[in-house]
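Order-wise, the sequence lines are chains B and Z.
To convert, note that position 9 of the first sequence is 9 in our numbering; the numbers rise steadily by one, no gaps.
To convert, note that position 36 of the second sequence is 36 in our numbering; the numbers rise steadily by one, no gaps.
Just so you know, these hints were derived from the structure itself, not from any lab.
List time: in silico BS3-like cross-link candidates among lysine-lysine, alpha-carbon distance up to 27 Å:
| hint | chain 1 | residue 1 | chain 2 | residue 2 |
| --- | --- | --- | --- | --- |
| 1 | Z | 219 | B | 79 |
| 2 | Z | 60 | B | 15 |
| 3 | Z | 28 | B | 213 |
| 4 | Z | 68 | Z | 183 |
| 5 | B | 160 | Z | 2 |
| 6 | Z | 68 | Z | 180 |
| 7 | Z | 201 | B | 50 |
| 8 | Z | 27 | Z | 6 |
| 9 | Z | 10 | B | 211 |
| 10 | B | 15 | Z | 201 |
| 11 | B | 233 | B | 160 |
| 12 | B | 213 | Z | 27 |
| 13 | B | 233 | B | 262 |
| 14 | Z | 239 | Z | 213 |
| 15 | B | 124 | B | 2 |
| 16 | B | 124 | Z | 3 |
| 17 | Z | 10 | B | 213 |
| 18 | Z | 220 | B | 79 |
| 19 | Z | 180 | B | 15 |
| 20 | Z | 27 | Z | 3 |
| 21 | B | 79 | Z | 2 |
| 22 | B | 79 | Z | 258 |
| 23 | Z | 147 | Z | 221 |
| 24 | Z | 249 | Z | 239 |
| 25 | B | 127 | Z | 2 |
| 26 | Z | 258 | B | 50 |
| 27 | Z | 3 | B | 160 |
| 28 | B | 124 | Z | 6 |
| 29 | Z | 20 | B | 213 |
| 30 | B | 213 | Z | 23 |
| 31 | Z | 60 | B | 211 |
| 32 | B | 211 | B | 256 |
| 33 | Z | 249 | Z | 147 |
| 34 | Z | 201 | B | 79 |
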Amino acid sequence: MKFPFLGFGVGLRTKHYPFILKQWPRMDWFEVISENYMVDGGRPLHILEKIRERYPVVMHGVSLSIGSADPINREYLRKLKTLADRVNPAWISDHLCWTSVGGRNLHDLLPLPYTEEVIRHVVKRIKEVQDFLGRPFVLENVSSYMSFTDSVMTEWEFLKTIVIEADCKILLDINNIYVSSVNHSFDPEEYLGAIPQDRVVQFHLAGHSHKGKYLLDTHDHPIIPKVWDLYEKALKRFGPISTLIEWDDHIPTFPKLQEAVKKAKIIYEKNAEAPLEAHYGA
Amino acid sequence: MKKTQKLLWKLITAPEGVEKALKVYRKKSLPILGDDRLSNTERLDIYANMYFFRIRDALKEDFPAVLKIIGEDRFHNLITDYLLKYPPTHWSLRYAGQHLPLFLRHHSTLKRWPYLADLARMEWDLMEAFDAPDASVLTAETLSSLKPDQWSELSLSIVPSSTLVSFQWKIDDIFENALKGEKIKAARSNTALLFWRRDLKVYYRSLENLEEKLLRCLKKKTSLGEVCEIVSKEVGEEKSAPLVNQCLKMWVQEGLLKTP
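Work the whole structure out from these sequences, hints included.
Shown next as structure tokens:
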């Protein structure tokens with residue numbers, strides 16, 4: 001499967017439905033939260049289909065729980081596949097984390113111990129997911145606030161080994177790297193430098209909140225200059241990668257989001273060897 | 001791994017916080033690293049706070065009338081109690097509040113607001129109609145194109161987004177007053193409400209006994225002949241035909257009937 005360069009997109013949020021459906025604004029692509037559309041019918045699916053007619057769409061999940069000790073939820077997978085068959089997204093992603101155990105859901109993205117045992121567990125499950133969906137899977141690094149006493153490697157070694165062994169791709173969240181680097185005192189550039197270039201197919205950019213002793217990944221603020229700087233470094237390393245601006249709380253107007261997209265494009269063009277247009281559809 | 005995840009789940013969902021929960025579960029250590037900046041329990045507490053606030057905020061959106069009536073503080077306490085009894089089991093946050101109407105039937109807030117369980121049930125039914133399966137609806141044109149001999153065999157059924165629910169209170173009035181921020185005039189009165197979605201919008205209205213009976217039949221496929229028989233038994237043969245006509249016309253206008 002090819003992972004085309006989609007350009008610069010934003011997360012599709014209900015607040016922007018009226019604006020998008022009225023203005024059909026210039027936007028390269030949209031990312032949707034898969035679970036919001038894994039429903040039987042009604043407005044969410046209707047809107048998504050309208051948007052899909054005009055824009056490329058990527059499905060981004062939050063509940064696969066790929067690192068859970070529970071068996072993979074087959075009902076969830078079936079619904080995910082049904083949606084994918086309906087929407088035909090450019091690709092499907094979810095997080096390298098666990099969200100549920102014992103049949104109970106925390107609705108949060110919890111980190112995993114970085115061990116060989118967990119690598120084997122996650123790799124096996126990603127292969128199962130890819131077989132079921134019939135398409136490659138894209139894995140995102142999460143922001144984290146805790147790490148485990150059992151861990152025997154860094155987060156980037158853990159991520160790298162998993163994607164190579166499971167033969168899947170990476171959605172590299174630049175803000176998550178930054179947030180975790182502050183929370184766990186590591187060098188974010190070392191993280192970037194360790195990720196294999198041929199595995200990254202998408203970047204996420206978002207804002208976070210400063211909580212005094214730590215950073216919280218809230219997606220409710222503008223992207224800070226240090227994250228923009230890290231994005232620029234990521235562009236230099238990984239080249240033309242589809243980029244998405246995420247905003248989930250205190251969501252600004254759509255034109256404000258477009259400004260953030262424009263900024264990402266400017267940084268991109270500054271660092272690209274060829275004009276932006278040359279990358280589209282590449 | 002399962003043991004670690006289960007322990008973390010217990011500590012994260014404990015309303016008293018991680019430090020106290022560790023004592024409750026008699027755990028001396030955590031498989032989590034701490035440092036000068038944040039201890040390991042403080043780090044886990046970040047997840048514990050997010051767990052509660054994320055679900056509470058989602059439920060505020062799902063149950064706006066309940067929230068308006070009892071206020072922020074009591075809603076906060078209600079959800080704390082609720083999550084202890086019903087932690088989320090569904091992968092979608094959309095279902096986090098599925099047991100709240102039932103839970104409210106036995107919660108202390110019911111003493112002051114005895115209609116609260118009914119109100120939560122109404123708000124849940126509105127959500128259910130919102131994303132229920134789509135269906136193509138029977139139109140006036142289809143009906144008018146039927147030949148006379150096709151009428152009695154006409155198969156009728158109600159759209160899948162529809163639900164019929166019996167309440168002990170005049171709950172539609174309470175719901176509307178709450179959302180407008182008006183004083184609640186709570187009236188105990190058996191009320192049957194119909195919820196359904198037409199195109200993309202959710203509707204509700206109250207039902208009289210006979211219409212409720214008919215629509216309950218239409219939840220399964222029923223022929224127009226059977227509908228006429230029920231009406232005839234209730235109001236007599238003479239009055240039945242105009243009444244059935246009137247109902248059919250109204251249901252078609254409201255987009256309540258599925259294409260056979």
